[in-house]
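Number of protein chains: 2
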Amino acid sequence: MSGNDEPTLPFLRACRGLLVDYTPIWFMRQAGRYMAEYRAIRQKYTLLQICAQPELATEVTLQPIRAFGFDAAILFADILLPLIPMGIDLEFAAGEGPVIHNPVRSLADVDRLRPVEPRDSLAHVMEAVRLVRRALDGKTPLIGFAGAPFTLASYVIEGGPSKNYLKTKRMMVEQPDTWDRLMAALAELVSDYLIAQIEAGAQAVQLFDSWAGTALGPVDYREHVLPYSKRIFERIRLTGVPAIHFSVGASTYLPLLKEAGGDVIGLDWRTPIDWGRAQLGDGVAVQGNLDPAALFYPRQELKKRICAVLEQASSQPGHIFNLGHGILPETPVDNVRAAVEMVHEHSQRRS
Amino acid sequence: MSGNDEPTLPFLRACRGLLVDYTPIWFMRQAGRYMAEYRAIRQKYTLLQICAQPELATEVTLQPIRAFGFDAAILFADILLPLIPMGIDLEFAAGEGPVIHNPVRSLADVDRLRPVEPRDSLAHVMEAVRLVRRALDGKTPLIGFAGAPFTLASYVIEGGPSKNYLKTKRMMVEQPDTWDRLMAALAELVSDYLIAQIEAGAQAVQLFDSWAGTALGPVDYREHVLPYSKRIFERIRLTGVPAIHFSVGASTYLPLLKEAGGDVIGLDWRTPIDWGRAQLGDGVAVQGNLDPAALFYPRQELKKRICAVLEQASSQPGHIFNLGHGILPETPVDNVRAAVEMVHEHSQRRS
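In the order they appear, the protein sequences are chains A and B. If you're matching positions, the first sequence starts at 1 in this note's numbering and goes up one per residue. If you're matching positions, the second sequence starts at 1 in this note's numbering and goes up one per residue.
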């Protein structure tokens, strides 16, 4: 797709801020544990095995499209996946989240990281992209994705999830050369990885920087994170494919997220769409932001909250409906199906 | 102290938005694990034992005042303490945080909670307040504190700390009568508890609602939380003692925190003081908000960040220096001492 042609699929139109017949909807982590079809596959394969086998990754990616009719598919993968060919020794311990056995703490650790050619060493991901695109047959667009440099750095430095990101922040401040080399390497990896996904067929990409807004205020973000994320968006922009930029808790510096890049800014569930747009100013679309907990509420309450998000966003085009963070593992599937229908029904263009 | 007399201590003056000779500083969780003196006491006593023995609570409260010269003491206690006489079966499991063995999930559970007269059943806390006041001898003011209804409710409903507050939110939405009765009971408990602390000698109080901003957006906060916190601040206001209102992650609805109440609004580390003041408008002081991680950085960097906070706050009086969240357990004490000196030195009134 050239950047000058007007797309027809609602999701791709909304990314560009174009008028749509109804608001497109997809959910972060929409392929996953809340679906019985996914749990059935996970009984036989680990997370990394599913990611490594394109047929399995394809099947899991398609499950929520078939079940609920989302307006975009997102490739099933883990944000830590591209770290493995770099030499990161990653394990998903049962019930404990990711563990990295060789965390990066020094310049020597960074220098040991291997350069990655995603077309080769992540060929299974690109094959999954091609298989999903073929299966979707042009009816539903496919989103590729990657973790942003800060969020990835926090895992490789801390050795897993973190509460206060202290080791990450200390490297950022106390070892500026190490930080720069690590962030630069991650920015290059992520750019190459996303571009490889686009070449394989991804029609949009999302950069997940959940932990930047959780950990950092605007001054640190601007100085130590923004320049690296910006490199990625600058390279994506050349492809003509729309990019979504998502963080959590970055509400005091949404303009900096916009400055880093992205055609669409994802807003968390505590950031009203109209409030967020006022912070962001013009020239960017928004995505979000139903509280993931709302999918557990009674149907009438769910409807009220979905309509409230649509109403907040209704003043102008350029809104993609989503959750304000990833879907929760125990979410009732009937409410997911209802949510997709409600968003479509209550956002119909009346003109 | 009557509300009409001008206080002389810098902390109390800053609470009122009055001019000060230097910016007063204290740290959330300033009495605690980062101090060797505290760890020595914890080797012999559990957290709850320290809280139950006024002499021990007094000693621990005074340790950071003696060591670092903070401009305010804050009573050593745990926000969950007043739940115990209500009938909440609370345990601090080693290294795991609080566990509540009889979580509140139904109207019947709420009705089983006992009314609490803090002057009687929390007499040990009031005795500690009196002992601390006597020891401080008018030179350093004492802050009393309590957890806010939402934050306390989240513990009693979830049974401990939570990642997504799903049970709490579901009760809030699906069992409005249960929620109302629980929140009303907690608001009454917290009001009575804070007023008893004030009667015993607390010269200011802080309401901690850390998890409200973490969990909820503005619509839920306004409807399900604000009315209960407001009841507390209305009762505190009658005492003439200043109140501080602190949450984390509530940056999209700081005006609602102000509406709920408090002479001072505490800002988290991601919310620049000037940005926060612009959101809040006039008529309220602010507290904050150095990133707790900054206390681990090299001295020069620490100084830079302290001066940045002071600079952001310098346009008008009514600023209390603090961290943007509680001090971290491994914080080097030398940097704490240096921070107090830096804040005093770099905020001297030049007129």
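Derived by calculation from the structure, the hints in this document are not laboratory data. None of these values were measured; they are calculated from a predicted model. Where hints are given, some of them may not hold.
Pairs involving identical chains hold if they fit within one copy or between any two copies, as the list cannot separate such chains.
Calculated pairs, DSSO-like style, for lysine-lysine (alpha carbon to alpha carbon, straight line, at most 27 angstroms) [to be verified]:
#1 LYS163 to LYS230
#2 LYS44 to LYS303
#3 LYS44 to LYS304
#4 LYS258 to LYS230
#5 LYS303 to LYS230
#6 LYS139 to LYS163
#7 LYS167 to LYS304
#8 LYS303 to LYS167
#9 LYS163 to LYS303
#10 LYS230 to LYS44
#11 LYS304 to LYS230
#12 LYS139 to LYS44
#13 LYS303 to LYS258
#14 LYS163 to LYS304
Do the hints match the structure? See the list:
1. Taking identical chains as interchangeable, the C-alpha atoms of LYS163 and LYS230 lie at most 27 angstroms apart only when both belong to the same chain, with a minimum of 26 angstroms there against 31 angstroms between chains.
2. In this assembly of identical chains, LYS44 and LYS303 lie within 27 angstroms of each other by CA distance neither inside one copy nor across copies; the values are 36 angstroms within and 55 angstroms between.
3. For the homomeric pair LYS44 and LYS304, neither the shortest alpha-carbon distance inside one copy (39 angstroms) nor that between copies (54 angstroms) is at most 27 angstroms.
4. Only within a single protomer do LYS258 and LYS230 lie at most 27 angstroms apart by alpha-carbon distance; the minimum there is 10 angstroms, versus 36 angstroms between protomers.
5. Taking identical chains as interchangeable, the C-alpha atoms of LYS303 and LYS230 are never at most 27 angstroms apart, the minima being 37 angstroms within one chain and 29 angstroms between chains.
6. Proximity of LYS139 and LYS163 under a CA criterion of 27 angstroms is satisfied in neither setting, with 41 angstroms inside one chain copy and 37 angstroms between copies.
7. Within a single copy, LYS167 and LYS304 get their C-alpha atoms only as close as 42 angstroms, which misses the 27 angstroms cut-off; across copies the closest is 20 angstroms, which meets it.
8. Taking CA atoms no more than 27 angstroms apart as the test, LYS303 paired with LYS167 passes between copies only; the shortest distance there is 20 angstroms, against 43 angstroms inside one copy.
9. For a Cα distance limit of 27 angstroms, the shortest separation of LYS163 from LYS303 across copies, 25 angstroms, qualifies, whereas the shortest one inside one copy, 34 angstroms, does not.
10. Taking CA atoms no more than 27 angstroms apart as the test, LYS230 paired with LYS44 passes in neither setting, with 40 angstroms inside one copy and 53 angstroms between copies.
11. In this homomeric assembly, LYS304 and LYS230 come within 27 angstroms of each other (Cα to Cα) only across copies, at 26 angstroms, whereas the closest approach inside a single copy is 37 angstroms.
12. For the homomeric pair LYS139 and LYS44, neither the shortest alpha-carbon distance inside one copy (30 angstroms) nor that between copies (67 angstroms) is at most 27 angstroms.
13. Proximity of LYS303 and LYS258 under a CA criterion of 27 angstroms is satisfied in neither setting, with 30 angstroms inside one chain copy and 30 angstroms between copies.
14. Only between protomers do LYS163 and LYS304 lie at most 27 angstroms apart by alpha-carbon distance; the minimum there is 25 angstroms, versus 33 angstroms within a single protomer.
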